[in-house]
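Chemist: One line per chain: the protein sequences are A and B, in this order.
Quick note: the first sequence uses this note's numbering, first residue 1, plus one each step.
Quick note: the second sequence uses this note's numbering, first residue 1001, plus one each step.
Simulated from the structure, these hints should not be mistaken for laboratory data.
Note that the structure is a prediction, hence the values are computed from the model and not measured.
Check each hint, because a few of them may be wrong.
[Claimed, not checked] Here are the simulated lysine to aspartate or glutamate pairs, EDC-like style, with alpha carbons at most 20 Å apart:
no. : chain 1 : residue 1 : chain 2 : residue 2
1   : B       : Lys-1128  : B       : Glu-1159
2   : B       : Lys-1046  : B       : Asp-1397
3   : B       : Lys-1402  : A       : Asp-327
4   : B       : Lys-1402  : A       : Asp-230
5   : B       : Lys-1132  : B       : Glu-1159
6   : A       : Lys-194   : A       : Asp-230
7   : B       : Lys-1046  : A       : Glu-171
8   : A       : Lys-248   : A       : Asp-327
[Unchecked claim] Counterexamples of contact, computed for chain B against chain A with all Cβ distances above 12 Å:
no. : residue
9   : Leu-1200
10  : Leu-1238
11  : Pro-1245
12  : Thr-1258
Beta carbons are placed, not taken as given, at the ideal position from N, Cα and C, and that holds for glycine.
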Amino acid sequence: MFIFIVRRLVQMVPTFIGATMLAFLISQLVPGDFLNRKALEPNVRPETIERMRSQFGLDKPVHVQYVRWMTNLVKGNLGQSFVSNQPVMQRIGRPMRNSMYLAVVSLVLLYVVSIPMGIYSAVRQYSLGDQVVSVFAYFGLAIPNFFFAQVLILCLFLIRGFTRDTFGWNEMLFPVAGMTSSNFDRMNAWQQFKDIAWHLVLPAFVVATSGMAGFTRVLRAQMIEYLGSDFIRTARAKGVAQRGVTYKHALRPAIIPFVAGIGGLLPSLVGGAGLVEVVMSYPGITPAFLDALNSQDIYVVLGLLVITTLLLMIGNLISDLLLAAVDPRIRYG
Amino acid sequence: MTDAQDPRLDGSQALDQVGEHYAGEATQRVSKSQGRIVWEQFKKHKAAVVGGVVLIFMYLTAVFAGFLAPYGINEYRRAPVAAFRPPTQVHFIDPDTGRLTRPFVYDVREERDERTRQRIYVEDTSVKYPIKFFVRRPSQPYKILGIWQSDLRLFGVDEPARVFLWGTNNLGKDVFSRVLYGGQVSLTIGILAVWVALFLGLLMGGLAGFYGGFVDDLIMRLVEVIAAIPGLFLLIVLASLLRDPRNPIAEAIGLRMTSAETFLLTVIVLGFVGWGGLARIIRGLILSARELDYAAAAKALGASETRILWRHLIPSTASYVIVDLTLSIPGFILAETGLSFLGLGPSEVDTSSWGLLLRDATARGVSIQFVPWLLIPGIPIFLAVLCWNLVGDGLRDAFDPKKRR
C-alpha cells in the first residue's frame, strides 16, 4: 500500500511539472509584459515598475522566469499579486475556501439524493417513478448550470411577487446572490454559520443537479447489470430476502465507482461550480479567476491554475486509493 | 431478425440482378450491412428518433435564420431605442367587431411606472398594423449558407410598429431574431470543435502509435498534462488571452479578432482542450494491431500495415469513435455557451450566440424579474444538448450487439 502511494506520487511529479510549464507558456500570451497595465496607472512611478520588473525577473528570458517562478513555487511562494500587492497565496485563499464550502455541500446533496434515486429506479425498472427519474436525469444533463441558476432566481422573484401580493410577505425564499448578508459582521458565530448555509442552498442545489443526472444514470445501469447477474440468482435461490439482495449483493458492487468518485469530484465540483458562482455572485474561485484575468494579474491566474491542477491530481490519487481500498478485485499494482 | 430475406426488400438494383442471376437455385441470402442494421436499431429507439427530428428542425431553422427572423442580426433603432421591450402582443380578435381577424399588432410608446420607476410600454391602439407574410426588406439583406443572398422575410409589420415575438434586449435588438441567428453559431461550433478534436486526436494518436518510444511518451504526457488542468479554467484562460488582438500569436499571424476570427478561435480552443481522450483511443487502436488475432492473421496472409489499419482496425473501432464523437458534441455546445456567457466566445460584433444572449440577462442594472424573456435563449441550448444526448445514446445502443432488439 505504502509503495503504491509513493509510486503514484512520483508519477505525478512529471505531469505536474508539465502542467506548470503549459500554464506558464499560456501566460506568455499576455500582450507586452505583465506590468503594462500597472504602468498605465497614474499614481505608479516608473521606478516602481522597473523595480517590480527586476523583482519578478520580467527582464529575463522566459525560461529563466519559469525557473525562478518554479523555485518559488516549490518553496510555497506563488508570487505577488500585481493588483493588490498581497502574496498570491493570501489573495486566493479566501475564494478557494468559499468554493470548498459550496463543493462539499453540493457533494453531500448529490450523494444523498442520487443514491436512493438510482436504487429506486433500478429496482422498479420501467415503473412511473423510474421514468420520472430518467426524465430528471436527462434534464440535469442538458441544462447549462448558469442558465438553471438564472431560471431559479427568476422563479424565486416570481414567488416573492406572489407572496407579496397575496400575503404581504415581501421576503425572498432563499438569498439569490453572494455568500453573506449585509449585516454579517455584526452576527455571532452561530448566526454567521446559519447565514452562510442559507446562502449556499441555491448554488449548491444547482451544482448538485447536474452531477445528480450522471450519477443516477450510472448507478441505475450498474444496479440493473448486477441485479441480472448469476450471483444474484444464486443468492435468491439460497433464499436471501429481497432487501438483502438489493442492498447487500447488488448495491455493494454497484456503489464502488461512487466511493471512488469522491476523490475525483471535489476538484471537479470546484471547477464545475464555475459559472454558477458567476451568476450568483458567489465569491468563489471562478469569479476570482476571471477578475485576475481581466486585470492581467498573471501570478494570481497562474497560482489558481496550479492549485486547482494540484487539487485535481490529488483528487484522482484519492479516488484510485479509495477504489483499491473498496474493491477487493483491485490489487495495488 | 433473420438474415434470410427477399433481397428485393433491400432495394438495391445491383442486388436484384444478382438475385435474378441465381434465381431458381436455393433461397437467396443477403446479409445486411452494418450501416443498415444500425439504422434499423436506431429507428426502434423512440427517444433518439425524436431527438434526431428535433435536431434536424433546429439545424434547418439555423440555416434559414435570415428568412425566418423578421429583423437583421444587429438591427436596432436609435430613437426610440426600444430597450427591454416585452414580447409584442399579437392580436387575433378585432376589438371593433369582436371577430377573428388576421393577426395584427399595435405600436407601443414608452412610459414610466409611477410606483416602481420601471420603464413600461403601453400599446397605442389607434392604428392596427397587420402582420404581413413574405415581406421584402432591402435594407436588411441576408445570406443563406453564405451563398444565396436575399431580403425576403417570412413575416414582418410596417414601420413604425415592430413585432418582437420574444421581446428585446438592452440595446433594443429583437431576441427572437437573435436566437435564430445564434443557432448558426451555437449549433455549428459544437460540430466544428468535434472535427478539430478528431483531427488532433487522429494526428497525435497516430503519431504516438506508429512511432512509439520517445514520441509516444511525449504525446501521452501532453495528454495527461492537459487533462490535469481543470478544463473550465484552461478554456477560460486560453479563450481570454488568445482573443486579445495584441497577444503575440495574433500579432505574428496578423489577426485582428474580427467576429469570424473569434469564432474560429473558439472552435480551435474547444478542440484543443478536447482531443486528449480520442488520441488515447487511436493510439491504443494502433498498438493493438500487433496483438489482435485477426490482425495477426491478416498479417500472416501478407496484408500490409496500412491495409490492416484501414480494413480491420478502423472499422472495428469506428462505431465506438462515432458514438464518442456524437456524445461529445453536447459537451462542446455547453462549453461554447459557457464561454460566450462570460463574453469569451465569438465576439459580439455581427454575431449572436445563445450564450451571448443569456449574458444580456446579467448586464449591469438588469433585474431578471422585470425582463424574464431574456432567459428564452436558454431553452434552445437545453433542447440542442438534450437531443444530441438522446441521439448519442440511441447510436450507442444501436451499435451495441448486446442491446439489439
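Chemist: Where does the structure disagree with the numbered hints, that is, which hint numbers, in rising order?
Modeler: The structure conflicts with hints 3, 6, 7, 10, 11, although it agrees with all the remaining ones.
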